[in-house]
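Chain by chain, the residues:
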Amino acid sequence: MTKEQIQDLAEKIVLGTATEEEIQQYNRICDFAETTGSDAIKISAEEKEELEGALKRAIFNKAGIGKVYRMNWLKWVSVAASVLVLIGLSSTLFLNNNPETPLVRNAGKKTDSLTFVAHREVNTTGKEKRIQLPDGSLIVLGNKSEITYRQPFVDSRDVTLIGKAYFKVAKDKIRPFTVISGDISTTAIGTEFTVTEFRNAKQIVVRLYEGEVVVKAVDERNKKLKKDVYLLPGQAFVYAGKTKANVKNFKLKNTLAPEVVMNEEVELDHPSLPQNTRGSWFMFNNQPLRVVFDELQNMYDVEIIYSKKDISNMYFIGKFVRGDSLERILKQVATLNNLNVIKKNNKYIITR
Amino acid sequence: MGVYNEYSDQQLTQLLISNDHDAFDQLYERHWFQLYQSAFYLLRDTDASKDIVQDVFLWIWENRVALNLGNVKAYLKAAVRFKVANYIRSGNIRESFFDQLAKAPPSSISAGGDEVTELRELQRVIYEAILQLPPKCREVYLMSKEEGLSNRQIAERLRISIKTVEAQMTIALKRLRERIGFRLVYIILLYSIPA
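So the sequence lines, in the order shown, correspond to chains S and L.
The numbering used here applies: residue 40 is where the first sequence begins, and numbers increase by one.
The numbering used here applies: residue 10 is where the second sequence begins, and numbers increase by one.
Certain hints may be false.
To be verified - Chain L stretches covered by chain S per the calculated footprint, using a threshold of three residues with CB under 8 Å from any CB of chain S:
{"id": "1", "region": "57-68"}
{"id": "2", "region": "124-131"}
{"id": "3", "region": "139-146"}
{"id": "4", "region": "163-175"}
To be verified - Selected chain S positions facing chain L (Cβ under 8 Å, derived; list incomplete):
{"id": "5", "residue": "87"}
{"id": "6", "residue": "91"}
{"id": "7", "residue": "94"}
{"id": "8", "residue": "163"}
{"id": "9", "residue": "199"}
{"id": "10", "residue": "264"}
{"id": "11", "residue": "358"}
If you are wondering where the hints come from, they were derived from the structure by calculation, not from laboratory data.
The beta-carbon is built from N, C-alpha and C at its ideal position, and this holds for glycine as well.
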């Protein structure tokens, strides 16, 4: 291959226009060059040692992780997130009638953690947004807030939040519902609660309205939060970076709608836009196509017809933005698996 | 940190979701050198190789919530190669790189399973790069790339002007090239922190 051909190939890789054949060709080139390189030059032990520490520092710093290095720790404190958690007990017990999908259970090494769909919801609509989770739980996501979680919930129900949200948690003793926000996590079993975390606010506040919650440090070495904190209704837990953590009382006002409760706290919250405002998305991670299609059917409320036989052993990886047309998504899924999509009477038919 | 040694790569990536720094640390310890070697043997350039390893790990951290990697090792390697491609493309790479390849056997040994994994993982990385584009930009880009539509056809389909389509395409190409460009800032940072 000539220099120009190789550069042209690399350009196609970068721009995503390379065919399967070309990607394979590029990999072969790399394999070859790597072998030649490893024969020609060696990296000395000293060099390796020196690199290791410096590289790690740079990465951890840039990632804003206050793990080993002091500088990071200071930075971490200065951007300490703020969370407000409102907790209430639901008189309604949401029962989860959906049988656990067995696909996650089929034990093989490959499937263990591969069958989740990651969801990210960003709300910049200016008002609250309701999100119904398949386990029966309800999330009322505040403005300027974002939430990320994976479906299906298996052993636990973990949700990561930036901003503010009200959670009405479906009762489930086996799978605790945990909201991770900045340095702290708040766990409730079968209750209703709301969590808020805005990145530019200096403190995290957990307010309990009814029921019971446990607040824990995400990092067990967190010195300001060595013991788990159990709150009673009317108590607020205030966490201000790693400098202060205590429990205060506040006045309870029950029976208000989640949206109202949330808005009453707005001034204290210092709302700020999530860093990434590119919008909501959902992502498939190596799910069997059957699962992908079923999920899409539910999301878009249309019928997708396929033969199980046709798509057995087919998997899909890909991320889509909310608002992407179903047609486009199906087309992409189909193209990658050599399938055809036909639209007929508002139904999509997948054929081989 | 003891237990982290025993976790699989996949378990570690799961732990990243809850901001587990130790899990990230473990992933770094486990893979950094091999990735560095991959980049270095190809490029024979210390700074560029450091940048690449750094970018790859930052990418993992920044996207920790959405990542659900199958074969972590293969994915990381593919990510390195993706970044190497930009280096080759930009013409920064040493001339001897091309000289070597001129001598390479025309269609070198086709491996078995490994090659398929390599292909899939690189495809995934490439695809993820496109997903990083702003939504509108991405839509235009995918229409052009996947559906083979002309700018005019895209303009008609989306009811926007051809000028807008052109502008979006330009942004897409620019972003794709830049996104994997090197972040020199990190190098400065690297040397300015006391050990």
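Hint check:
Counting residues of the region 57-68 of chain L whose C-beta lies closer than 8 Å to any C-beta of chain S gives 5; at least three are required, and the coverage claim holds. Counting residues of the region 124-131 of chain L whose CB lies closer than 8 Å to any CB of chain S gives 4, so the stated coverage by that chain holds, three being the minimum. A stretch counts as covered by a chain when three or more of its residues have a beta carbon under 8 Å from one of that chain; for the region 139-146 of chain L and chain S the count is 4, and the coverage holds. Look at the region 163-175 of chain L against chain S: 0 of its residues bring a Cβ nearer than 8 Å to a Cβ of that chain, fewer than three, so the hint is violated.
The beta carbon of residue 87 of chain S comes within 7 Å of a beta carbon in chain L, closer than 8 Å, and the hint placing it at the interface holds. Residue-level restraint check for residue 91 of chain S holds (minimum Cβ-Cβ distance to chain L is 7 Å; threshold 8 Å). With a least beta-carbon distance of about 6 Å to chain L, the hint placing residue 94 of chain S at the interface is held under the 8 Å criterion. The beta carbon of residue 163 of chain S comes no nearer than 13 Å to any beta carbon in chain L, farther than 8 Å, and the hint placing it at the interface is violated.
The criterion of a C-beta within 8 Å of any C-beta in chain L is met by residue 199 of chain S, whose closest approach is roughly 6 Å, and the hint holds. The restraint placing residue 264 of chain S at the interface with chain L is violated, with a minimum CB-CB distance near 14 Å, outside the 8 Å limit. Contact between residue 358 of chain S and chain L, as hinted, is supported at the beta carbon level, the nearest pair being about 5 Å apart and thus within 8 Å.
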